[in-house]
Amino acid sequence: MRSGLIAALAIARKDLRTEIRTKESLTASLSFSLVILVLFSFAFDLGREELYAISGGLLWLVYSFAGALIVNRSFARELPNDCLDVLVSSPAPGWSICLGKTVAAFLLLVTVELITLPFFGLFYNIAWWHSAGTLLLVILLATWGIAVIGVSFSAVTVNVRLRELMLPVLLYPILIPLLVGAIGITTALFSEDPQMLSANGISLQLLIVFDIMYTALSLYMIEFILIV
Amino acid sequence: MHAVAADRVWKYFGDYPALRGASLEVEKGACLALLGRNGAGKTTLLRILANLSRPTKGAVTLLGISTHTEEARRRIGYLGHGIGVYDDLSAVENLILFGRLLGVENPAAVAARALDRVGLTRVKDGLAREFSRGMRQRLAVARAFLHEPELLLLDEPFTSLDDRAVAVLQTLLRDARSRGATIIMSTHQIREAMELASHVALLERGKIVFTGPQTTEMLLDPGWLYRTYGEPQA
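Residue numbers (our numbering), protein chains in the order written: chain A, 1 to 228; chain B, 1 to 234.
Honestly, the hints are just simulated from the structure, not real lab data.
We treat Cβ as the ideally placed atom computed from N, Cα and C, and that holds for glycine.
You can trust all of the hints, since none of them are fake.
Using 20 Å as the maximum straight-line C-alpha spacing, the simulated DMTMM-like pairs for lysine to aspartate or glutamate come out as follows:
#, chain 1, residue 1, chain 2, residue 2
1, A, K23, B, E130
2, B, K207, B, E156
3, B, K57, A, E223
To spell it out: a stretch of chain B is covered by chain A in this simulated footprint if at least three of its residues, at any positions, have a beta carbon under 8 Å from a beta carbon of chain A; those stretches are:
#, region
4, 48-60
5, 72-81
6, 85-92
7, 99-105
Ranges between beta-carbon positions, derived for each pair:
#, chain 1, residue 1, chain 2, residue 2, range
8, A, M221, B, R129, 30 to 38 Å
9, A, M221, B, G29, 36 to 44 Å
10, A, T22, B, E105, 29 to 37 Å
11, A, L46, B, R129, 47 to 55 Å
12, B, R122, A, E223, 36 to 44 Å
13, A, L46, B, H81, 50 to 58 Å
14, A, L114, B, R113, 40 to 48 Å
15, A, V160, B, E70, 24 to 32 Å
16, B, E105, A, G201, 45 to 53 Å
17, A, T22, B, T228, 50 to 58 Å
18, A, V160, B, H188, 24 to 32 Å
19, B, T228, A, Y220, 44 to 52 Å
20, B, R164, A, V180, 56 to 64 Å
Go ahead and model the full structure; you've got the sequences and the hints to work with.
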């Protein structure tokens with residue numbers, strides 16, 4: 001167990017270090033998120049209430065697109081020089097490879113989300129900072145879910161020719177329950193409507209349950225995905 | 001106990017059987033040259049031994065334990081077709097990373113020693129992508145031998161190596177043999193392989209058709225084995 005955690009940490013550090021040097025997925029994900037936010041701000045001419053009603057959906061749409069771009073590189077960056085073979089044949093258990101890659105993807109995605117959030121507030125005039133603490137918790141929980149499932153599907157599609165297309169096709173249907181929960185509670189937080197907040201209280205628990213379920217499943221399944 | 005025991009291993013890719021009941025036993029400390037024409041199944045067999053692929057049928061054990069176990073993988077050094085190092089990490093960062101994955105004690109010291117052995121100490125902080133082809137290959141060799149594995153699985157290790165990398169690899173292989181490591185290498189460079197090999201196995205269309213000690217005939221005439229045990233070419 002300890003050696004697995006050390007290996008996971010080494011893999012996460014490696015992924016973050018290479019990403020900081022190349023900025024491949026970080027730049028793509030961040031610029032894509034900002035462009036979508038700008039485009040949507042021009043595309044919709046909504047009243048105050050309507051805007052608040054769709055605000056959670058809008059934010060999580062952007063975050064899930066950004067997430068697909070980040071997780072897509074998780075295993076794809078192992079392809080040059082057949083590094084994936086070396087990783088899989090090493091004593092590091094499959095779960096530690098998955099965990100390390102999930103931690104790296106999670107940190108990268110949270111970075112993109114936290115940079116994007118003020119722009120979201122600015123473009124749509126939404127006061128997100130009133131409930132910043134709970135919003136941060138929702139972001140962390142839902143982002144972990146996106147990262148852990150995304151990394152597993154990144155492993156599934158790593159050798160597929162159209163992996164950039166295949167990954168979102170496989171990923172988004174699985175993420176629906178998680179995104180529905182995150183959207184519900186985010187919209188309630190932005191609206192500051194006590195009735196809506198209490199109605200979505202269960203969403204936070206759902207996010208926790210999904211995270212535990214997705215994490216356990218991904219860590220268990222990864223070895224069967226990588227070694228065929 | 002054999003270092004490697006493969007018992008009637010089959011591997012299908014779709015309907016195509018890449019391995020058809022291949023059986024192989026390699027004694028501890030032996031150096032086996034795995035020969036065979038293109039498509040014979042050498043890489044597939046080595047990938048199964050390295051736990052990179054699961055056999056469709058049959059069983060494989062390494063040093064008496066299943067290839068799937070962490071313990072078995074800790075004792076393997078694998079050098080495949082790709083060099084298996086990260087272009088955006090420096091030479092020393094690459095080796096420290098693999099040292100941590102392999103669970104070696106003091107990965108920094110082990111990495112420094114490995115770089116010294118392959119003559120890359122001077123450029124240890126340079127990114128792998130800035131290296132020449134020969135330097136990258138030496139780094140790959142250092143990576144495979146980093147933890148002084150008991151079993152080395154080498155897939156065409158001499159292919160496209162420069163003179164210096166060949167010399168480094170041959171020295172490391174001799175050192176490995178002298179400390180009792182078992183070596184299995186698939187190769188087309190029969191002469192280089194025969195200099196090191198104690199045993200030879202010939203794969204033909206997914207089957208091992210010959211295994212045995214290396215003989216003088218094989219050394220003098222590398223084509224002898226194919227002519228004697230191989231299927232005639234169409």
